[in-house]
Amino acid sequence: MTNAPWLELKGIQRHFGSIKALRGVDIKINRGEVLGLVGENGAGKSTLMKIMSGFDNGFTGDVFVDGSLVELGSPNKAQALGIAIAQQELSLIPTLSVAENIFLGGNHGPTIASLSTLSNLARPFLDEVGLNDIDPKMRVHRLSVGESHLVEVARLVAHKPQLLILDEPTAALSETDSERILNMVNRLKENGKSVIYVSHRLDEIFKIADRVTVLRDGASQATKLASELDVPNLVTLMLGRELSDMFPPKNLDRQGTSAFKISDLWPDGLLSPISFSVNKGEILGLAGQLGSGAGEILAAIAGSHPVRGGLITDMSSGQSFLPKSSKIAISHGIAYCSPDRKHDGLFLGRPISENLTSPNLKRISLKGILNTSKSDSLSADIAESFTIDPSRLPHEASVLSGGNQQKVALGKWLSINPGLILVDEPTRGVDVGARAEIYQKLVELAESGVSIIVASTDLLEISELPSRVLTFYKGALTSELEGSKVNTDNILKEITKPESFLQLAGDAS
Amino acid sequence: MTFFNFKKITSNDPDLTFAILLSALVFAFFSLYEPLFFNINTGFAIMERFAVLGLVGLALTLCIIAGEIDLSIGSNAALSAVIVVRLTDSIGAPNAILIALALATTIGLIQGFFIAYLKVRAIVLTVGTLMLLRGITLFAADEKTVMLTDFDIPDFIQEKIFYIFSPASFLVLGLFVLVALFMRYTKYGREVYAIGGARKEAVASGVSLKRPMMIVFAISGLCAGIGGAIIGLRSGTAQPLGLQYLLLAATVAAFIGGVSVLGGKGGVVGAFVGTLTVNFLNTGLVFNVTPAYIAQMYLGGLLLVVILFQNMSKVYEDKQQRQLKLADTDSFRQRLLKSLKA
Amino acid sequence: MSAAADSKRSASFRQSTALAILKQNGLNIFLAIIALVFIGFAITTHNYLTLFNIKTIVRDAALVGIMGIGLTFVTLSGNFFLLSMKETAALCIITFATSMSHDYGFIISLVGALAVAMVSGGLQGLLIGRGGNPIVVTLGAAGILYGIASWWSDNLVISFRRPNDAEWLGTGSVMGIPNITITFIVIAILAELVLRKTSFGRQVYLIGANRAAGKATGHENRSMAIKVCMIASVCCAIVAVAFSAQMSSAQANYFSSEFGSSGDFTILVIATVMVAGNSIMGGYGSTLRTSLGAVFISAVDNMMVLQGYNSGPRVLSVGLMIVFSILVFAYIRRDNRSEG
Chain P
5 MTNAPWLELK GIQRHFGSIK ALRGVDIKIN RGEVLGLVGE NGAGKSTLMK IMSGFDNGFT
65 GDVFVDGSLV ELGSPNKAQA LGIAIAQQEL SLIPTLSVAE NIFLGGNHGP TIASLSTLSN
125 LARPFLDEVG LNDIDPKMRV HRLSVGESHL VEVARLVAHK PQLLILDEPT AALSETDSER
185 ILNMVNRLKE NGKSVIYVSH RLDEIFKIAD RVTVLRDGAS QATKLASELD VPNLVTLMLG
245 RELSDMFPPK NLDRQGTSAF KISDLWPDGL LSPISFSVNK GEILGLAGQL GSGAGEILAA
305 IAGSHPVRGG LITDMSSGQS FLPKSSKIAI SHGIAYCSPD RKHDGLFLGR PISENLTSPN
365 LKRISLKGIL NTSKSDSLSA DIAESFTIDP SRLPHEASVL SGGNQQKVAL GKWLSINPGL
425 ILVDEPTRGV DVGARAEIYQ KLVELAESGV SIIVASTDLL EISELPSRVL TFYKGALTSE
485 LEGSKVNTDN ILKEITKPES FLQLAGDAS
Chain V
840 MTFFNFKKIT SNDPDLTFAI LLSALVFAFF SLYEPLFFNI NTGFAIMERF AVLGLVGLAL
900 TLCIIAGEID LSIGSNAALS AVIVVRLTDS IGAPNAILIA LALATTIGLI QGFFIAYLKV
960 RAIVLTVGTL MLLRGITLFA ADEKTVMLTD FDIPDFIQEK IFYIFSPASF LVLGLFVLVA
1020 LFMRYTKYGR EVYAIGGARK EAVASGVSLK RPMMIVFAIS GLCAGIGGAI IGLRSGTAQP
1080 LGLQYLLLAA TVAAFIGGVS VLGGKGGVVG AFVGTLTVNF LNTGLVFNVT PAYIAQMYLG
1140 GLLLVVILFQ NMSKVYEDKQ QRQLKLADTD SFRQRLLKSL KA
Chain D
5 MSAAADSKRS ASFRQSTALA ILKQNGLNIF LAIIALVFIG FAITTHNYLT LFNIKTIVRD
65 AALVGIMGIG LTFVTLSGNF FLLSMKETAA LCIITFATSM SHDYGFIISL VGALAVAMVS
125 GGLQGLLIGR GGNPIVVTLG AAGILYGIAS WWSDNLVISF RRPNDAEWLG TGSVMGIPNI
185 TITFIVIAIL AELVLRKTSF GRQVYLIGAN RAAGKATGHE NRSMAIKVCM IASVCCAIVA
245 VAFSAQMSSA QANYFSSEFG SSGDFTILVI ATVMVAGNSI MGGYGSTLRT SLGAVFISAV
305 DNMMVLQGYN SGPRVLSVGL MIVFSILVFA YIRRDNRSEG
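Chains as they are written, first to last, in my numbering: chain P, 5 to 513; chain V, 840 to 1181; chain D, 5 to 344.
No lab work stands behind these hints: they were computed from the structure. Treat the hints with care, since some could be wrong.
[To be verified] Ranges of calculated distance between the beta carbons of each label pair, as one might list FRET restraints:
#1 D137(P) to G135(D): 30 to 40 Å
#2 R226(D) to R143(P): 27 to 37 Å
#3 L160(D) to I930(V): 37 to 47 Å
#4 I43(D) to L1017(V): 50 to 60 Å
#5 L1012(V) to I43(D): 50 to 60 Å
#6 L1017(V) to S22(P): 42 to 52 Å
#7 R226(D) to N136(P): 43 to 53 Å
#8 G135(D) to A1131(V): 30 to 40 Å
Backbone N, C-alpha and C define an ideal beta-carbon position, used for all residues, glycine too.
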């Protein structure tokens, strides 16, 4: 067994136009080792992984596999070299069986075989990931989320890779399923494979990683043995104090009158109904990992997520309503920005000006006829307040960078003069410069009296922006932090190993 | 053989069960309503119809499973019919058939190529090729209906074999079996299901779009070719603008058989059952001396009914999924409460 | 924000903008080339560039053009296309002619045809808006509509006397321009104005560009599908009425493939919408394009007639045009599309 690393990346740089996604990353991994890869949003993790798995060729720097310099030209090439990646989004075919999915794509399976034959061939791979009790003939759409993730990994393992890259493998998984994933990682390690484990769940990192590499702002900040680190050190390495300059100073007192009251809202995914209120000019944060309930609550208030019940009350008008659709939410001045702007936050093929006026056509028209001057002035106003270059307004939204696209996705809601802005992951895929501008704007809006509720998995963001934070863990409300108690340590603790479950504690049943 | 494991089919495949029931219902209805329906000659007529409609239904089923559709299939079949009829006099039926089939399959391959390589939606491309092929057919037929000079030549394809079959329907049934085996037992067949049911995921898994797409459209072309050849030889004539009714009938057959607009669902068995059902309906209506346009009306209505049923069963399935998820959440909550109390 | 970073960003924006503009206009550049090639042929064909011939071209384009304009609304809103247009026209023409043959007069007959169109279009739009696939729904509706039309008329020809008050539309003209052509031009202008200048038109583009984003900003396809299907059906009704006025009669199969040289009328209309460069996925294009596309196809067809070709080559060349333009547009747009 040589001591040289199996995969080594040196001096990796990746620019997108003027945006430096990666400024110089060095990373290496040995055989039979688990390397944890951590970093906040925008640190460059996804860019790095795309490069490592052959999906991105536009980088400079050297890649060595087993000591020799290689060209990771394409995903197929990377796979041939022995690198496999399990993305966050599953790529299983729901209408096919487990066995068929495992042998899909690639030449590792037989050309002619019955379902039974495939099942038998698939068995060892399923066992390797810990799915001993699954019938390989079962259709994938019948599996649970956790089992699907394991099948996805089994599919990669069938290609007999040396290195497995797992991107947030336990996001939205139950406790038991997460345990299975961790056991699988250990099993792979024992078999001499290498695993790069990317995750926000720092507690898991410590459970299985041998070494940890921290990415910050596009560069590898540090690589240490897991035994030399603990959670607070890790968080410090990830965040860095100078990044706090991005945030405007916070108003620590909770002033103002109640603006919106949420009563007994029970979105799918939350363990029990939740009630809270938000004041005028307050920035309230909902902290929690994917699937914890934070994002679900926001979508539910906006009418975009199924609920078992709940009432929203507009305190200024006294009106109460059921959050049944986005139209209803909009009519009450509630704006919702989903975490996936490409999917439903932007009209990429339409001009930016049309995007900015899309939620409120009534405002730019008279009796159904569009008024050009009203439309122009509205979109120019919004563009100016969000620092979007007004000369770009006639261009398609697709030409913008991630940061500017997010500004458009968020800014368009100003057209309805919202009383409440709900935003989930306000700076996902956004560069540092645009991040600061977005934070500045959000604080300005709050100061003018708009209520804002932010959900985010970015620790820095969720501790620096809001003045009050509700924390969630696995579908339950775990704490309410205010004032000076709102800091990364407390939040991280409450979203991973909470001291209490606020909602459930007082339950009779 | 797993093909005939009824219990498994019913539980795994509610759509196929529905199709079989519907088929039996239509058959029973006409058997009771029209005394002449339930006899061997009718059975022969049904199987003869099946020979052509089954081919087109099979082709469309495969296309829809792959997430696409071939609107040009009628035109392709008409071209094939014209070629066979025109060339039989000079070079004999078998050679004419071979040429027609080769041409039809090549046309299919080319379409599949463009769809896969240029990522054009099939529905868009086949609108154009439908017209293009029709123009070629008009050209090949000199704008008129072409006829054989010797009407006895093609009688062999209509000989009765084993009560209700003929060489034509046997050939088609054989093709059904071949394609079924292909779809179920080979990697390439599964790729077709993959690119239909979840195309993004399939491509992300490394499935190339090109191979399954070209295979599906080549089969579609071949089926159109055989179908056209059979019709041409059977009647001894070919109209350049004919065979357009095939599209609606075959689409209804495919949907009765269980395909979904979303792709990835359905199979050859379903295509068989669906085609039979449409044939029962058509033949039964002929007995009733129903004009063709009324038959079209029934088919159109049947299609809408099947779509409605599919939609309702999807809504039901979504509801079940949600209930399962909610039950999961609730049981987790119970476990959490128990551990807190402890 | 520092001015240096700003200008750096502007510079890279300008770069990507230049490429974007080229891509955006690649379509238009291509269409311009086609137009130039065509003009070359036009100049060399005998009798082609006469006022009479040009009027003929536009008049022949009118019927396909009006239906194409209606269909464009459906396509732009992301609802693909309707396969039931010629059957809707069939039912409308029977309605109109039946009413005219009972001497109810033009206005009432027109209203009858329009009502039939709005009901059938509305029902199809209802199913499509609730999630039905437009191709399948309209394929089924086509069978039903045609069946009703044939059954109602017993598949016979319905004639109404001349003179009648529909003649002005069918054969009349103003200052030498046929009234049918004027109708076409008026509808074309109206449609373009609606799309560009009204909030309804804006909604069509938004929902077509991204249905999910449309829903998130309060614009649902549920109601839009009904509206655009009604518009398309109404255009079918207008065409049916105009045609019937020309012939002073009607039969259910007037729009079927046995009638006319280009074969399938519905396919011709769909082809017109696509040759004009409207995006099949929605959100890009215009009715102006479709109108010009209809005139263009008619111009090509007319030229071939003047050069002495039969229907075969004519259908062939229309088909070639369609396939060619589809392939070219797909090639130009391939970067903008994700897998699947």
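Hint check results:
| no. | hint | in the structure |
| --- | --- | --- |
| 1 | D137(P) to G135(D): 30 to 40 Å | 37 Å, holds |
| 2 | R226(D) to R143(P): 27 to 37 Å | 31 Å, holds |
| 3 | L160(D) to I930(V): 37 to 47 Å | 44 Å, holds |
| 4 | I43(D) to L1017(V): 50 to 60 Å | 53 Å, holds |
| 5 | L1012(V) to I43(D): 50 to 60 Å | 56 Å, holds |
| 6 | L1017(V) to S22(P): 42 to 52 Å | 58 Å, violated |
| 7 | R226(D) to N136(P): 43 to 53 Å | 47 Å, holds |
| 8 | G135(D) to A1131(V): 30 to 40 Å | 31 Å, holds |
In summary, the one numbered hint that this structure violates is 6.
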